[in-house]
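Take each chain as given, in its own frame, and dock them per the hints.
Heads up: the sequence lines are chains A and B, in that order. Going by UniProt numbering, the first residue of the first sequence is number 1, and it counts up by one from there. Going by UniProt numbering, the first residue of the second sequence is number 1, and it counts up by one from there.
A few chain A residues that face chain B, going by a derived Cβ cut-off under 7 angstroms, partial list only: (1) 145; (2) 146; (3) 149; (4) 171; (5) 174; (6) 175; (7) 178; (8) 197; (9) 201; (10) 204.
Far from chain A by the CB rule (all over 10 angstroms, computed), these chain B residues: (11) 65; (12) 68; (13) 109; (14) 216; (15) 217; (16) 250; (17) 292; (18) 300; (19) 322; (20) 330; (21) 344.
In case anyone wonders, no lab produced these hints; they're calculated from the structure. Glycine is no exception: its CB is placed at the ideal position from the N, C-alpha and C atoms.
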Amino acid sequence: MAAASAAHRHSKRCRLSPVPLDSLADELLFLVLDRVAAADPRALKSFALASRACHAAESRHRRVLRPLRADLLPAALARYPSVSRLDLSLCARVPDAALAAVPSSLRAVDLSRSSGFGAAGIAALARTCPGLADLDLSNGVHLGDAAAAEVARMRKLQRLSLSRCKQVTDMGLGCVAVGCTDLRDLSLKWCIGITDLGLNLLALKCTKLTTLDLSYTMITKESLLSIIKLTNLQVLTLVGCIGIDDDALSSLEKEYSKSLQVLDMSHCQNVTDVGVSSIVKSIPNLLELNLSYCCPVTPSMVRSLQKVSKLQTLKLEGCKFMADGLKAIGSSCVSIRELSLSKSAGVTDTELSFAVSKLKNLLKLDITCCRNITDVSVVSITRSCTSLISLRMESCSHVSSGALQLIGKHCSQLEELDLTDSDLDGEGLKALTGCTNLSSLKIGICLRISDEGLTHIGKSCPKLRDIDLYRCGSISDDGVIQIAQGCPMLESINLSYCTELTDRSLMSLSKCTKLNTLEIRGCPRISSAGLSEIAMGCRLLSKLDIKKCCEINDVGMLYLSQFSHALRQINLSYCSVTDIGLLSLSSICGLQNMTIVHLAGITPNGLIAALMVCGGLTKVKLHEAFKAMMPLHMLKNVEARGCMFQWINKPFKVLYIFFQPACLPLRYV
Amino acid sequence: MDRSQNHIHGQSAANFCYQFGSDNPLLGMGIQQQFAPFTSPFGASSSTNIPHMDWNPATMLDNLTFIEDKIRQVKDVIRTMVDNGGQLPCRQGDLTQQQQVVNADLTCLIVQLISTAGSLLPSLKNSSFLSQPPAGHMDTVNHVGSSSSFIPNATTISEENKEDMCSPEDYEELFKGFTDGAMEGGIEIDNVFVEEQDAKDGDEGGDASMDGENLPPGSYELLQLEKDEILAPHTHFCSICGKGFKRDANLRMHMRGHGDEYKSPAALAKPPRDASVEHELVKRYSCPFVGCKRNKLHKNFQPLKTILCVKNHYKRSHCEKSYTCSRCHTKKFSVMADLKTHEKHCGRDKWLCSCGTSFSRKDKLFAHVALFQGHTPALPADETKNSSDQISRVGSHQEPAKFPSSMGSSFMWGTSSSDDRGLDVKGLAGCSEDILSTGNFGSFNFSFGPADGFTGEPSGSSFSVLPPEHFQSAQKKGKN
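The following block holds chain B by itself, in its conformation from the complex (with noise of 0.2 angstroms):
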């Protein structure tokens, strides 16, 4: 039976999906057996197993076969329908179970088409993960005809399908798979060497030790991202136009525009988990800024946990405060987030100080007085006003020295979370993904014009001051 025969290469296809595919969401469908022979083109090692897709002629003829042996199903289920058609013309329920049955198999068959085809193209290689194929999809066409019960099960695949595109945490999951394979590369991010004993000896040890807050050195594996890295507006980029997007489900939809082969179900929907992620040893991060206690030549060096973190600390730590709060025209933040959680609250703080920092806490104001010379706690300005309008000559109220720099990264620490570090994570590794996969340095260079003009920032300044080289030299020096 053609059909059963089918069913079991469909079956094996989308279990080689759910199971190997979580190891490298490149994969296509139905091609994964195939790359085990081959070597990585970037010479990665074997234990990160990483296959990377290339053109095989016996795979692209097994697939070949597969979609012609599809077309002949569609075109048997569309002859009995002419057959019929005539026949019974009241029994219109079958008739469109039956058409969406083609559409289906139709649709698939797109999806065959395109990923057959894509791997034929280099600049497709990127976003291969489009054509990877829903497993359930696979079900559903080879139940085709054999079960009555198809429609719902359809519809709640479907459903599966979309809350797999929704949840960010898949995404980062994902991405984390992307990053490993490009730190590991050890191109764009400067690598720590850990010891593979050590390394080992960290996963051995148990999961408990990693979890937790300080983990002793080298029982992690530290990254150094660089400046123009981290300050990167985007980290997900069209191959195509070079768009850049901050969230890779957002260029997903982007893609879209570029050609119905990324309409595809499989072309929308998010990689899967990769599982061999949690068996990665634990990563922290390291601040580009020689002299930070987050960068790793500090003495008493603290790692950053997460890519999120690197971000935030350092912007809120060593760039301009460029956001001013809009209503009192006084604070001043360099990350966005910060700027709104304070303009939330901006106008009900009730503590002053004289430098005109506001505070919620009479304790935290005290705490601020205490540290800074000369800053005194200041009344509202109502109060004072009232008992000074008795006496027509009031002096101007001297206030003592601005002290701009390093406060707001004092009392802004505790913002700074780790909750949706998902986005920007996936964002910055999707964004060395597309260098390595590529080598378009091209669209990464392009993508930058844009950052500068969307952050305000006068275009440049920052990397001017300190060349990326200096820092990377920088760690060599300190490594040696």
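The following block holds chain A by itself, in its conformation from the complex (with noise of 0.2 angstroms):
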């Protein structure tokens, strides 16, 4: 805000002084558009108001686009002719003429949340840009063959995406494999079309790529050799591959792989330790290593990672803990940073225990629903890995609040905290206090928490960027208040079912300008007017569920399509808003995603008009009740440019019979 009115007064001042603000170079006031933008995007236009000349230096300045409807395009690219990367993310619908009208100085294009184009447009857009570098085509499920062999034609093309293009096969990859031999990252996730004959000679021509993505491919072993042998490959993903099993892994026995740093095999059900063994044999540089959901964890093979020295990073969600399993982890992986053992069977105390005495350097501990660990486990992870900058250990209920105050008081490094669902109290979050350096703290469902652990909290950690009070049903507003003052930096915070809490609570967040994301589903006493503060101090709010705050009405809409135009997503289920709040609401052209159920003062006729104006809307969520209200080419309509609707039949619950018996309005469907 500040940088922003600095920008104001920077371009009064050159409006009013004789010296021009063009005499200065293009360097210079680059650098000054640099500092405005990473304050405030929105100063940028308020920059390029100012004058002519700064209007042409913010024109010459941007890089990147992200319009929000492809129609707009055409006058946005005329606007800024240098931009190098166009993000068109937002735009649900891109068709074949909007990509052949892009400038030529274009390097990157993302086009993995559009649809609408096809293989022509892609032709289009390799031949006005045939310097692109970095394409990505994910979630183009009706991208063929066809697209693929235009992609080919991009002969500099570095990184590309073809993630869930489910209808390509093996003569599309064989074209972008001859065609852009530059290649260095590739995903072909969900690319199920894709078999053994187009990997070889991906790995013959390719021979640049560091990174490949290959999950829930059909990926065998007759290619798995010919990819290993890729000089460059560092990271290698290989999730929910069905064909890659332990004959696979050990017919590779004999290849060595130096480069390889990263592989990821979580989810590949027919590998089993025997095959972990064997890989990882070759390939000795190994730095990271994900069996998520692969294989149970035996001593045996975890012995054999003794051999891949700079393991640093080590995931092993979902995997079942033989007996000493994670004992030989703690013997054999001394080198490791990183640990994941969430959701893990057979992870006890006495495992555990010894395996952090041994990692005294781990960084990152992931011990999410190891349902079994106690306090002993905590006391020798606090007394051991004082390093730690994360800690996650949601749903271990059966530690108690005070081996948690051990967390705070031994590990001052961390970062990010995850306690949600445990028995946290206020001494804990008291000694949570030396975290100074603390930026995301998950604290839902601690139902002992309180108003005074949370000044504690806003006090001593001014870098907090999200914090996640989920359910914590005895806090009211003096705790969030406290947070508010104490985290200027807050981008995020949940205090959904916080039912305590006030306007008082939003109108003390609103002084937080960062904030992009907030919740408070099920709070039943915020109205309208602490909404509206929210929407005049939160300008970059993004996401905002205010499902079941019934207090909010058409009002709290009103000033939210005025002042929240960076809002994306929003849930009004069971809100009090109608047909007018409704249609202001969808005057906010970003708005891309709506959950509208059970509001009772919507009427079709509203619903179709929100619809029709907001156009970048690309998924709807409503009650099936309206289908039949709708008329049917409306809704083709609004599918057609791009907007997904999701129809959902839950009967009306009664709210608040247990809060707020007094405001009770009774509404059923």
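Shown next as structure tokens:
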């Protein structure tokens, strides 16, 4: 805000001063603009409006363009000629003609969230932007080999994502492999039409590949060998590859990949500990290994990891730990910095204690849902791993509040802490005062925490960006006010079902100018007045959940439509918003995602009008009852613009009966 | 008894035909015994044992007496017919039977006459197998009158003869014999020396080793044909008019037009198998193109198995591809059979490369794309067309440079079949035999004229690049 006003002042001065801004060199202007953009992107608009020279400078400065709608593209591109990156992720529908009109200076195009274009559009893109280096075609379920063949004409492409391009086959991949030999980063996730033939050709032709994502493809051992042999490959992702089994992995026994650093084999059902033991011999320089939901963890497998002396990250989520498996990690993988054991079975106190006692350099530890661990483990963790920066232990319900206090006392480097659903109390929060670097704190469903504890956090954690207070029923406005005052960097706060909160909380949170995510679901005392403060204060707000806030009505929506231009996603279910509020809300042109279920004041006509006005919608949740009431051709029209409807068929729930019987508006569908 | 003596004589002649006739199809009827003392004009080694025909008065006398006897027999038969004719007009069946017997006898006589006369004419030597007697026929002649079951016998025998004439395997065997003679002569075909002992060892080593795919060097006889021999369209030439044929059966059919002497069953019959061929050394062939892997000078030399292999290999690898597919107008072939095989499947191939090559299997396409730089899988035309129709401006699709050479051979290898090798083996052998026996190079040269016109190749272009002498000298150097 300060920077924005500075820009305002700056522009005012230049209008008055005899020395115009255009005497400044572009380099200097761009430095100014960099600062302005970093502080508040909207200030750029003010800057551009200051003078003709400022306008021109701003036009030349912008490198990234993220238009809200594809029909704005020609105007935007005319205004910003030196754009090199075009992000069309907000444009649900991009016609071929729009892609034909892009400037040749583009280096990166993101079409991952768009539809409506085909091979012809990509052909046009390839023609106009011969120097394109980065192309994201993820989710192009309608794209086939013809599109891939057009991609192949972009000879300088270095990064390409074809995730979920399920119609692409070996033929398309073959074209890409031959055409884009400069590829460094390729994602073929969910390309189920691709087989070993295409992958072998890819490995033969694209020797510069460093990152390759083959998740959920049909890769088997026929092509795994040639993939592993890629001399520059650093990151290989093989999530959910059912064709990868022990046989395939053992066939690599005599091969070496010196370059491979990251291997992700999570969800490979057919891999067992034997296969893992054999492949780690081939990749001596591995830094990160992900075996989540892949195989049982046996001591012998873990011992084979000794050969990977540089291993830093080991992810074993959802794995079944055999006896002594975890202990072996402690003795074999001494170089480990990051360990994830979340949702794993067989993690016991004794083994975990032994492991962490050996892994003194651990920086990140995830023991989410290791339900068997008790205070013993927490004591040894806090004793040995004092340099932890991330500790996630959601749903470790056997840990007592006393042990949780140790975390704050010993692990002062913590930046991320997840204690959701634990026995944490005010004392535990007080202990966290030493963790001044804390940026993310998740303490949802900790029913024992109170305003006093939050006061400690507010006073000692100025860097906090994300706090989750979901269903912390015993906190009140005072606690939230302490957080809002103490944590100016706050970007995201979840206050859902903190039923005691009132508009006072929102008024204080409106001072957190960086806030972009606010969840106040099920806070019945919050009204439009509070929301209007948020709308005026938090101009970057993009996600808002006000479900079951029945006091919020059209007034709140009017404020939102006027001030929250950054809003992308909103949940209005059970609110008191009517057609008027909805219509005003739909004037926010960036709005993409709306959930409008169980609103008594909404009529089919109002709804269809809002849907027609709001051009950027991609996903709308509506009650199924509306489906029959709205004209079909209207729905078709909205769908044709790239919007998806999700029809909800849940019964209307009687609200607030336990909280506030007095203000109960009994409503039924 | 005259008849009984003739019978014995005929049988012995027939036996000789079957036993020794296979050694040399040039042998005439009933004159084999006399050949043993005579040396072959080409100085063939005794092991090959080819007694070439020459004029011998004693044999001639023998033959003439036989003919005389025969005529007398026929006379007798006809006389009895004349005598009985007036008395029993009702016995028609007997009459026709007798007529047939007379016919057969007369045919036999004609054959005898021709063969006897043929031995006197040097120009007929090469076609003297025409005078080979059908042994069965001899039998029928000698059974005349004594057996009432004559007719059924005769029919079965004629059927056998027919079969013989039709089956190509027999031709092949026959001409193996011919080539053996020619090659041992070492005149036309360059012969790599194989030590006698080695050859014997190979023979004694058993057939199993010889049948194997990879024969060790030295265990086979290596032959190398010259380029013009390989490319010759015809390998059988009429000794009278010089017309060329691919098959000797066709030549025999053609010979009928040159006179009645070629119409006899003996002349038309296929010469019998040569039993001794089986004991010959296994033959392998070398490509005359120096530098080719199939050339014997190559470091990793791999010999070709048959003459047909040589022909197909040479055409595919070292000749211009002059046959273009009439459907796709893209693919070219140097061997007509390859073109026909391709045309059967042309258009059905689903997997296309940007160079225009199409494949029936995806993995073949990908192997091709992997091999050649710049080639890329191409989508079916209609699919890309549909997609690019939506925008008016569609740039011309740049295709990588074509690689016309060496592609055809790389994927055509599989089709080189040795099934019908008999035809060409025989053909080529016949050619060389022709030259050998007649020494008539004129006819050979003459036959090349129409050959060039027929194949449509620029006349002499391939010959002028490297003359045959070049190869020969190179090979000799290699040997030394």
